Structures are given as structure tokens and as C-alpha cells.
Amino acid sequence: MKNPRYSKARRIKNILVDIFTNPFNIMVALATVTLAYLIIVPLIEMITTTFTVSQSDIRRIPGAETGDFTWFYWQRLFFSQLSQSFLYVPLRNSLIIGFSVSAIGILLGSFFAWLIVRTDIPGKKILSVMAIVPYMLPSWCKSLAWLTVFKNERVGGSAGFLSSIGVTTPDWLAYGPVAIILVLSLHYYAYSYLLVSAALRSVNSELEEMGEIIGAGKVRILREITFPLVLPAVLSSFILTFSKSIGTFGVPAFLGMKTNFYTLSTMLYASIKQRNTNIGFAMSLVLILFATITVYFNQRAIGSRKSYATIGGKGSRSTLVALGGAKYPILISLIVFIGFAVIMPLLILLFQTFMLKTGDYSLSNFTSHYWIGSPDPMIFENEPGVFKNPLFWQSVRNTLRLVFVTAILATLCGQLLGYIASRGRGTFFGRLIEQMTFVPYLIPSIAFGAIYLSMFSAPHWFVPSLYGTFALLVLVSVVKHLPFSSRAGVSNMLQIGVELEEAATVEGASFPMRLRTIVFPLSKAGFMSGFMLIFISIMKELDLIILIITPKLGTLPYMAYSYANGNFPQFSNVIAVIMFAIVLLVYLIAIKISDADLSSGMGG
Amino acid sequence: MGRIELRGINKFFGKNHVLRDLDLTIDDGEFMTLLGPSGCGKTTTLRVVAGLEKPQSGTIRVDGKEVVNAAEYYFAPPSKRNLNLVFQSYALWPHMTVFKNVAFGLTVKKLPSSEVKRRVAQALERMQIASFSERYPSELSGGQQQRVAIARAIVSEPKLLLLDEPLSNLDAKLRIDMRSELKRLHQELGTTVIYVTHDQVEALTMSTKIAIFFDGRLAQVAPPMEVYNNPADLRVADFIGNPRINLIPGRAKRDGDTVRVRSDLGALTFQVKNFIDMNWTDEEFDCTLGIRPEQIAIAQTEPSAYLTAGKVYSSMPAGSETLIQIQAGTSNLLAKEIGISPYETEQTIYLNIDPRKINLFDTVSKKLIKKSVNK
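Chain order of the listed sequences is W and R.
First residue of the first sequence: 1, per this note's numbering; consecutive thereafter.
First residue of the second sequence: 1001, per this note's numbering; consecutive thereafter.
Source of the hints: derived by calculation from the structure; they are not laboratory data.
Please read all numbers here as calculations on a predicted model, not as lab measurements.
Here a beta-carbon is modelled for each residue, glycine too, at the ideal position from N, C-alpha and C.
Please note that a few of the clues may not be correct.
Taking CB as the label site, the calculated pair distances span [what the hints assert, rightly or not]:
#: 1; chain 1: R; residue 1: K1366; chain 2: W; residue 2: I12; range: 43 to 49 Å
#: 2; chain 1: R; residue 1: S1038; chain 2: W; residue 2: K524; range: 31 to 37 Å
#: 3; chain 1: R; residue 1: G1064; chain 2: W; residue 2: R300; range: 54 to 60 Å
#: 4; chain 1: W; residue 1: F429; chain 2: R; residue 2: G1064; range: 35 to 41 Å
#: 5; chain 1: R; residue 1: G1039; chain 2: W; residue 2: I12; range: 31 to 37 Å
#: 6; chain 1: R; residue 1: M1316; chain 2: W; residue 2: G324; range: 46 to 52 Å
#: 7; chain 1: W; residue 1: Q299; chain 2: R; residue 2: D1027; range: 52 to 58 Å
#: 8; chain 1: W; residue 1: A322; chain 2: R; residue 2: Y1313; range: 49 to 55 Å
#: 9; chain 1: R; residue 1: M1225; chain 2: W; residue 2: F20; range: 49 to 55 Å
#: 10; chain 1: R; residue 1: Q1128; chain 2: W; residue 2: K125; range: 41 to 47 Å
#: 11; chain 1: W; residue 1: L222; chain 2: R; residue 2: G1339; range: 53 to 59 Å
Construct the complete structure from the given sequences, taking the supplied hints into account.
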């Protein structure tokens, strides 16, 4: 060797010391193990479950014993007489819904984003708040509002507003695919709106002005300059919308199940509820497969183009596109749209909470019973007004506890994982962690809840049985939201220059000290927006926890869902309105005290 | 105090070989500038010295004490190397006041607060920013931020001060002020300084020695005027000096104690004793003449003796100096005269160059073969 003092023993010692005393390595190791246990193990268990004979099916499979390997469930799902109604029809429905919702949502959202960010339309401030209000009302609440208006006599119960004034709504409008697609589109366009408007804001308008100087028309500039620049954001919002809408449960449950219109997610729910867990998991895997394919093609389509947004990111100057004569017609149609999509569902829900009997619009029918009434044997089986109902207060407590604990934990984990992923960019573990945190994104909420239910309802490895505990709700919510929180964490940490940390290293600050004195203080704003995003999301969460929750732990969405399911629409509406109020309030406070940006962390 | 020795340093980023067998010794009290085009490895060298990057091979010693031994995977942490660093971006912590930024390193070392206050005040005083101590970095101008960054680096009285392109974010006027201030600071503190820049004027004006990098390799390590007068090879010659050196192709042949060179500048005769040791043959070989613009003397009327005649291609007076682009044969030459000289385009002029000051390079090996001599 060149160096005579070289000692292999010292080299090995130094390498080991370096690996084991470096807090960053320890953090990476902990994160890798934890994520593997909470994300990869459940996924593997889910897959093995679909190949394992469960006790309840012993009689159906001749000669099999519990725990044997079997193709039975997959065969049953794909190649049996039931396959049509179990898989193919629901899958077709899910895909139709997924693609239609994505198409409508992206068109609407991008158009709004362009209007609000890039044109001289008046009243931007209020419009931009109104545009994301739909995101704050759970999507299934909107389906309640839809039913309030369009419900007809087909499914029993009292008729909707239109039927009561003599307009008979056809079935195809009241229930099924059209209703589901419209309701979901009016919900998910908020994603495209948030992502595309963030991208548009970072586009330097000089790029567009250059087009103008060359002599391109407005439409041409929009098509050939602006659109390609925001294409990555559009594609991101496509994955987000598509995977959300094929996995969503609430809306197709309310608007489809009663008329036997099933999507894969409602079919999945039904299977798991009927204890056909193995089939249910197999369905989940089909859903995951489709979500994965979409993401894969999207990544390929975006590819190197991802960098566009940052190239334009330097431009702070932004001249607005003059809409000219079209300004007011567009504004008016926008207001009309917001009126229908945003204000109306809310007003309908609110209005109905004051109606003693639904469908009766006479003045004497108005009451505050559902808010503050004492129990009355004449009205809905003695059910007291929401504010007089101890169950409601318990649900409020549960919800707030869950939301705060989860949002704080998820955001904290997200920031730490974001730190690892951003500082470890390009290293094996950095990539591994970034990819692992992305997996829950692909798993539909319902299926995710189902795996956790089966995994943790009995002691699993070193984890005790968690069924019926608050801890399980927190765990499932935190893990399911990791894709968002860690993405917010990554974008937050990337903004903190590595040099700021290196400067502290040079001064002799240890790793924990650097985190405490440099990284955390600088990530406060990002922390807030990550927190907001997760807060709102968990506040509305139904799909994820519907299978896990026990009445003692009931949250507001669960209570509203139970009321709606039991045909107590006024009660469920009261709760929906209260939930909306809480979310809106928190959002307004958050944008007041910090410039929390909902879109950070959304980008797929 | 503050002698740095780098031996056999190799650094890879993935497959990218950034530093190649780097050997460099920096003596105590030296102002060593690492100079080179972007991507040549100079900042990486600085970061390796600072302990922010781990080289794949090589050793580094500070005052004889080993701080890096890559073969044994030994890398002393930056804080154990008694150095400090000024980043190109300044890397001031935006959430701390100027005082806290400067005091941070001292509080990490758990110095008593009265001592911290005294030393911070002293450092701020020295950098003339005492009145900004309660401000946040965002409330300061670029030049003031720069001063804070330097104050933060010198407050711990390091033996070695590392500066990574510290002036590149300042405007031209401020840069010249800071240059003289940094030079002064170095003389007052007496610490060893390693200074990274791609600006050759900074390197030439401030350093006691310059290390020139190309593609991760050292091309030359020498005092600034030596680098200017006798660049080790054609690349260094081309890189150093503004306006650039004139490089004219020629053919050289030894003739006894002299070497005769034919080129567009006519025939020149050099003394063999001024050549660097080389294997002489009787063959004529390709050479390149290196002539600094200020070495060209121009006469407007035909003198009794001159090297060659040329034509003015264009004349560019800039007040303090005039640059003249000259066409001589097929070659273009740039000449520089102090003051304002009126030349007309296409005017015939007569050139004289002192052959002793000319550099000669071997065109094939690109190495310097004849040094410039003053006498």
C-alpha cells in the first residue's frame, strides 16, 4: 500500500464508529424499519391472505385446511359465475368514474386556476377562497345534499326537493354513475385547482410575453406556452384525482348502493363487512394495481419535464391576461357555478336541518329540534337534538382528539421523513424511504383500513392487539397520510439550504442541536401548511376508519354516516354543517396566522 | 500554526472523478487561492479540507496532525479541525439576529456569556457592523450580510479560514472594497486562508499563492506574479490575465546557444539559458508564443528597428487604458497601452516586443518551455 501506516483494523473500527454514532444513520435505520413494518408488512399480509384458506371457507374448498395455500379466492374473483357482479361490473364502474371525474375535475380546476391566477378577473380574493370551499366539505356530505334535491320515490323515505314540487327526477339523474361523477367532480376539482394554480404562479410571465412579441395569439400562447409549462401539475392532479376517485367509498355508497350500482370500493366494503375478507383483499389488490399503473404511466409522461416549474420559478413578475369583453360574462358564469357547486349544497344542508319533515316546505314545518331539541318520542325515535345529545359531545371530543393527535404526529413524521428524503437525495436509503412513504397513496382508504383491522385485531409480532383502541385510529390515519405529510416535509426541507446546516456543523453543533436550533425553527411555516392539509383531511375522514371504528370512539363523520344510514337525514346534516364550520374556521385561522399553502404536499 | 498538507486526495461523486491525486501544501499564514473555471474541483477541495466531504483516498494533516486518513476511514469532524468557513451563499441563519448568528459557535462551545458578548462585539467591530447586531439577515444588504458571515467565521479565532467565492454575490464596486478589506484582515489576523474563486483578478490581487485547477487536477501552484509571468502551460496562460494573453503559433529551432523562432511576428531569437531543461534535437518543432498585451510596444511612424508591421483592426479606448486589436500576418494580436491612444482603423503600425519577456510553450505538450525574464 502507498500508506505504510495503513491499518485494516483501524479502518473497520472507524467505519463502524461512523455508521453507529451518526445520528442521521440511526434515524434512517429507524425510519426504514418502522415504515417497512407499517407499510410493507401490511401489504404483504394482504397479498398472502388472498392465497390462504380462511377458516370460514373450509367447507367451500374440499380437502383444504385453514392456512393452506389456495388459488380459490382469485379464481372466484376472476373466473366464477360471480365474477361479473363481483369484479368486472364494479371495476368498469370504478374506471368510468375515475376517468370521468379526472377529466371534468382537471378541466374545471385548471380553468379556474388560470382565471384566478393569470387573468384580470375581478374579486380574486373571494373567488380563490370559494374555489376551495368544496374541498372542506366531505364529498359524501355533498352526496347528501344531492339526494336532498334529486331524490325520487324509488328508494323509499321522503322525496327530495324537486319531487316534492312535482318534478319527477329520472333515476339516472338521482342515483348511479351520473350523480356520482357530478358530485365527485365538484369535489375533486379542488385538487387540480390548487396544484395548477401553484404551478401557474411560478411561471414567469415573460415567457408568455415573448410569445406575444413573436405574434402568437392568446389561445395559441395558452396552448403552446402556458399549458406545457403547467402540464406536470396537471398530470400530478390527474393521479391524485384518479386514485382518490376510484378508491372513494362514501359517495358511491350513498348514491349507488341502494340502487345496486356498485363500484369496486363499495363492493370491497360489502365483502369485508360480510366477512369475505380474502375476496375483499383481492379486490383491494386489483384497485391498487390500477392506481399503480396510472402512477407509472404518469411518471413516464412527466419524466424530465418535472423540472419546468422550477425553471420558470425565478420569474416574480407577472402581467395579467386581459379578458376584455369576456370578463363579465365569465365572472357571472363563475359566480353561477360557485353558487351551484359551493353555496347551494351548503344552503340545502343547512336549510334541511331546520325542517321537521323532509319534503314539506310549509312554514309550520320549520323547527330547531334537530339542533337543540329535547328527546321527543314523536320525532325519530326519541333522538335528542344534536347539541343535547351526549353522543355528539363525545364524538366532538373524539374527533378533535383524533384530529389533533394525528395531524401533529403525521406532520412531525412527515417533516422527519422529508428531512431524510431531502438530505439523502440520490442515496439508496433516501430513495427507499421516499418510495415507501408513497405506497399508502396507492392503497384505497377502505382497503387500508381493512388490512390494519386484520393485522392489529390480534397481537401482531411485538404489537399488542389494538382493536377498539384510539391508538389504532391514530396509527392508521398517520400512516395513510404519510404520502402527503412527507411530501410536504420534503418540499419544506428542500427550502432549507444544506449550507445553513453545514455552517452549524462547522461551528461544532451536533446533529440533534442542528435539528433543534436550525432545521425546526426554519420549517415552522411548512409545518403549519402540512398540518393544515392533514387536519382537514382527517377531519372529514370516513373511508379510512369506517371499518375500524367502534361506537365508543365514534367521530363526527362516523356519527353523520350512521345517521344518514339510519335515514335520519336532518341529524346527519346538522353534523355535516358543524364539521364544515370547524374546518373552515381552522383554515381561516391558519391562513391568517401563517401563509399556510394547502397545495404544498399535494403534488404527486 | 496552520500548515495544511493534502496528499493523494481523490474524490468521486458517483462516477464523477472530481479530484485527481491532489497534492497541495499550504504554509502557515499563507493566503492560498484555489482558482479555476467552474466545476474544476476547487470548491470540493475546500469542502474536503473543511470536513464537509469525505475523500475516497488520501490524507490531510494540519500542523502535522492527521485529520483525514481515507485508507483508515478516519475523518475528524469539522469542529475538531480548528477552522471556519464563509459560504458563497453566506448561509446566515435567517431566524437568528446578527448577534446570535455570530455568537452561535461560541455558545455551542459553552463559553461564558460575558466572554461570548465580548468576542462577538469585537468581531462585529472589526467588520464595522456593530450597529446591526440586533437585525435579522433579511434586513441587511448583501455587503452587510457578507460582513456578518465573515464576522461569524473569525469570532472563534480559527487557525484556518476558508472562504468559498465570498465576493461573487456582491456588485462590482463593493467587490473591490471587500478585496482590500479581506487582504487587510488576513494580514491583521495572521491566520492561514484558503480562498476559492473563479475570478483571476481576486486571485492575483489578494493571494500569497495561487493553486490553479483544471478538471480536478492542479495545473500550477505559485505566487500570483509567477503565475502571471510564467504560466505553467497553455491552459493556465489562457486563463490568467485580462485581457487575455496573445498566443501565436510559431516554429522553433535550436542553433547553438540561441533558439530561433519564426512566426507572424517575424524572426525572434531567444537564449537557450532561459529555457526550462528539455531534450533538444536538431529538428524544428511547433511552439506557441505567449505575449501579454502590455508587452507589445506600438510605434505609429516607422522606427529604425522593429519586429513586424501590422494594421489596426480596431481601437478601444477606455480612459485609463486603450486596447488595440492588431492584424499581423494571419494572426490577431491584442495590445494594451496605458492612457488614451488615438489610432485609426486600418492604420499601419510597427510592433516591438522584448523577446526576454515572451513565454514559449511546446505546442504538443502544451508546457511552458521558456520563462520570461526581466533582465
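To see whether the hints hold, each was checked on the structure:
Taking 43 to 49 Å as the suggested C-beta distance range, the pair R/K1366 and W/I12 conforms, at roughly 44 Å. The supplied range of 31 to 37 Å is met by R/S1038 and W/K524, whose beta-carbon atoms lie about 35 Å from each other. Our hint of 54 to 60 Å for R/G1064 and W/R300 holds, since their Cβ atoms are close to 56 Å apart. Between W/F429 and R/G1064 the beta carbon distance is about 37 Å. The supplied range of 35 to 41 Å therefore holds.
A hinted range of 31 to 37 Å holds for the C-beta pair R/G1039 and W/I12, which are about 35 Å apart. As the Cβ distance of R/M1316 to W/G324 is approximately 50 Å, the hint placing it in 46 to 52 Å holds. A hinted range of 52 to 58 Å holds for the C-beta pair W/Q299 and R/D1027, which are about 54 Å apart. A C-beta distance of roughly 51 Å is found between W/A322 and R/Y1313, which places it inside the suggested range of 49 to 55 Å.
Between R/M1225 and W/F20 the C-beta distance comes to about 51 Å, which sits within the given range of 49 to 55 Å. About 45 Å separates the C-beta atoms of R/Q1128 and W/K125, a value consistent with the hinted range of 41 to 47 Å. A beta carbon spacing of about 58 Å between W/L222 and R/G1339 agrees with the range 53 to 59 Å that was offered as a hint.
In summary, the structure agrees with every hint in the numbered list given earlier.
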